[in-house]
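**Student:** Order-wise, the sequence lines are chains C and R.
Counting the first sequence from 1 gives a position; our numbering is that position plus 10.
Counting the second sequence from 1 gives a position; our numbering is that position plus 29.
Simulated from the structure, these hints should not be mistaken for lab results.
Hints are not guaranteed to be accurate.
[Unchecked claim] 27 Å max Cα-Cα, derived DSS-like pairs, lysine-lysine:
no.	chain 1	residue 1	chain 2	residue 2
1	C	Lys-138	R	Lys-197
2	C	Lys-141	R	Lys-47
3	C	Lys-140	R	Lys-59
4	C	Lys-264	C	Lys-226
5	C	Lys-138	R	Lys-59
6	R	Lys-214	R	Lys-295
7	C	Lys-13	C	Lys-243
8	R	Lys-47	R	Lys-197
9	R	Lys-47	C	Lys-140
10	C	Lys-20	C	Lys-226
[Stated by the list, open to error] Only part of the chain C face toward chain R is listed, based on derived beta-carbon distances under 10 Å:
no.	residue
11	Phe-135
12	Thr-146
13	Met-170
14	Gln-171
15	Lys-225
16	Asp-325
17	Val-326
Predicted model only: the values in this text are computed from it and were never measured.
Built from N, CA and C at the ideal position, the CB exists for glycine as well.
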Amino acid sequence: MPKLNFDLYKKLYLIRSAEKSIQKYYFENEMRTPMHMSMGEEAIVAGICLALGKDSQVFGTYRSHGLYLAKTGETDKFFAEMYGKETGGAKGKAGSMHLSLPEMGMMGTSAIVAGVISVAVGASFANKRKKNNKTTAVFFGDGAIDEGSFWESLNIACLMQLPVLFVCEDNGFAVHTPNTLRHGYKSIADIVSKFDCNVLKTETTDAETIYNLAKKAIGLIKKNKRPCFLYAKYYRYLEHVGVNEDFSAGYRSKKEFEKWQKKDPIDLQRKKLLNLGVTEEKVKELEKVIDGQIENSIKSAKQAPFAEVAEAYKDVFYGEK
Amino acid sequence: MERDSSVFVYGIGAPDHKKIFESTEGIAEKFGESRCFDTPLSEDAMMGFGLGAAINGLKPINVHIRLDFLMLAINQLSNMVSSTRYGSGGKLKVPLVVRAVAGRGWGQGFQHSKTMHSVFAHIPGLKVVMPTTPRDAKGLLISAIRDNNPVIFIEHRWLYWQEGEVPKEEFTIPFGKANILRKGKDLTIVATSWMNVEALKAAEILAKRGVDVEVVDPRTIVPLDEKTIIESVEKTGRCIVADNDWVFCGFSGELSAIISEKCFGKLKYPVQRIGLPQIPCPTARHLENEFYPNAVKIIRTAEKMLKLTPTDLSKEEFYSHENRFKGPF
Chain C
11 MPKLNFDLYK
21 KLYLIRSAEK
31 SIQKYYFENE
41 MRTPMHMSMG
51 EEAIVAGICL
61 ALGKDSQVFG
71 TYRSHGLYLA
81 KTGETDKFFA
91 EMYGKETGGA
101 KGKAGSMHLS
111 LPEMGMMGTS
121 AIVAGVISVA
131 VGASFANKRK
141 KNNKTTAVFF
151 GDGAIDEGSF
161 WESLNIACLM
171 QLPVLFVCED
181 NGFAVHTPNT
191 LRHGYKSIAD
201 IVSKFDCNVL
211 KTETTDAETI
221 YNLAKKAIGL
231 IKKNKRPCFL
241 YAKYYRYLEH
251 VGVNEDFSAG
261 YRSKKEFEKW
271 QKKDPIDLQR
281 KKLLNLGVTE
291 EKVKELEKVI
301 DGQIENSIKS
311 AKQAPFAEVA
321 EAYKDVFYGE
331 K
Chain R
30 MERDSSVFVY
40 GIGAPDHKKI
50 FESTEGIAEK
60 FGESRCFDTP
70 LSEDAMMGFG
80 LGAAINGLKP
90 INVHIRLDFL
100 MLAINQLSNM
110 VSSTRYGSGG
120 KLKVPLVVRA
130 VAGRGWGQGF
140 QHSKTMHSVF
150 AHIPGLKVVM
160 PTTPRDAKGL
170 LISAIRDNNP
180 VIFIEHRWLY
190 WQEGEVPKEE
200 FTIPFGKANI
210 LRKGKDLTIV
220 ATSWMNVEAL
230 KAAEILAKRG
240 VDVEVVDPRT
250 IVPLDEKTII
260 ESVEKTGRCI
270 VADNDWVFCG
280 FSGELSAIIS
290 EKCFGKLKYP
300 VQRIGLPQIP
310 CPTARHLENE
320 FYPNAVKIIR
330 TAEKMLKLTP
340 TDLSKEEFYS
350 HENRFKGPF
């Protein structure tokens, strides 16, 4: 049994299946939180989170379904949060855009896309000071690098030699604005390579390649005590926000999508598993277990109670009831 | 910092030879540069940095030599720091102290002079502290460091020159407890930060005419001790709010609304607000003097409320640090 490929596929399939379920149930209008779907980027978060291991901390943006599921593997609190229920990770106060589960290292996500990068840098500073050997990773899109806070954070992490992995997931668009209308330079990785840090780059959709790259990144961070910037290109399958395709909008072509779909990260890893000798039956069994987990989580989430209205006033300050 | 090794101080110029108006004096020397360090000119990211360190168990104290510079971090404060605990469903805590100096001297102009506590207080999830006396500065700062919430700690530059008794040992002053700086029965002045100094001066002059003024310093804007303020106004029936900030949409308006709602039947005169006019802070000294409210303005307002003829102030000596203030900044 090729354990690595199997573990990667588990994460990939979990993310894809969970999001397919969101697509299936969203129109019931019970999950009342804007969905920024991860479909297309699964290989990046699956590969990196597996490489990081459980004892790490990750931060992300409002588009973090994939990151949350890759990091935690859990779907009960995930779906309960989507349904706004008391049993959600944040009792319904956060929703899809602000997913977190600090007890599992999923530290926080922000809709101010670069806003979370410096927070991850500060978290990595604390980890370094505590000498706990934890790696901190922060995931953001190419839109975030347009914000000054990214450059401030990168500079600080390089200056202070912090154990942080910056993961730039480039889907080419900030909402609907292409990078050609936003970037006064050709390659972000080239520019970042002028900073005192490690830079790695990939355009693959193979989670195993990304896993190996992430392992390399973590090794570099530990060895030369410099942060690492990992640039990964991907294609966002669905609309910026919502659960549908948006190729009719005219800002991008379906042909490009079809090119990426041919190397879809889930299909690709599935084929790899089969090529490595895992039987179709075994793969289907795994998929069935994951689908079952998700169905159960959705069922529990639907049945769970909403928090009391008084809950709205709680958790503003520590120490207040 | 001796008591808790997780506390550290950082900010632009924190350990340099000027020591943020000497307020970080000796820290780097005593605790080393790992616990008191300088930073790039990156207020926004360094605030996020503090948030990340705080949720991971450290206790950062972020220092800003001018509060105006802190405005570069308003995204972090309003979008990240203030809502982190709430957004995590109460799982994360944010023990972060932000010290910021409200500038004044002469010629500080419109980017070296802001206080902005109304803006910070407007954002749910931030505590806002404004000490006036030296004793309060120490007791409230220790409370701020021990608090597991984000605290904006605003220090008026002129107050560094205040003199007063301060216990040598460590002690805390609880948040949400106003300080009655002077007892009186005719008129309440609720003042913030430097305006307490002006209010006490006004009270001293008014006392010569038999007007008995009570001066209440809320000390913390969030949480606010409404009870002490309301009890005072119920007793006197008259209130001036003298605030060290713009009047329009500010804390003075908020407080006057609270007082009007809760003391309506007992008010002998509408609550009066004194603060900054709706203009940026001008640089030239005569314009700056027009900009800042002072004891004279408080006295004239009190006389109007009490239907008194204007006091002859020609022989009074008014307190001003402008005269002892020397450049370069």
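**Student:** For each hint, tell me whether it holds in the structure or not.
**Tutor:** Status of the hints after comparison with the structure:
1. C/Lys-138 <-> R/Lys-197: 35 Å, violated
2. C/Lys-141 <-> R/Lys-47: 32 Å, violated
3. C/Lys-140 <-> R/Lys-59: Within the cut-off at roughly 21 Å; holds.
4. C/Lys-264 <-> C/Lys-226: Violated, at roughly 34 Å.
5. C/Lys-138 <-> R/Lys-59: At roughly 22 Å apart (the allowed maximum being 27 Å), R/Lys-59 and C/Lys-138 satisfy the hint.
6. R/Lys-214 <-> R/Lys-295: 13 Å, holds
7. C/Lys-13 <-> C/Lys-243: 26 Å, holds
8. R/Lys-47 <-> R/Lys-197: The given pair, whose Cα atoms are some 24 Å apart, holds under the 27 Å limit.
9. R/Lys-47 <-> C/Lys-140: Distance ~30 Å between R/Lys-47 and C/Lys-140 Cα, so the pair is violated.
10. C/Lys-20 <-> C/Lys-226: 22 Å, holds
11. Phe-135: 5 Å, holds
12. Thr-146: 8 Å, holds
13. Met-170: 9 Å, holds
14. Gln-171: Nearest chain R Cβ about 13 Å off; hint violated.
15. Lys-225: 24 Å, violated
16. Asp-325: Hint on C/Asp-325: holds, closest Cβ of chain R at ~4 Å, below 10 Å.
17. Val-326: Given a least distance of 5 Å, the restraint on C/Val-326 holds.
Hint compliance for this structure: hints 1, 2, 4, 9, 14 and 15 are not met, and every other hint is.
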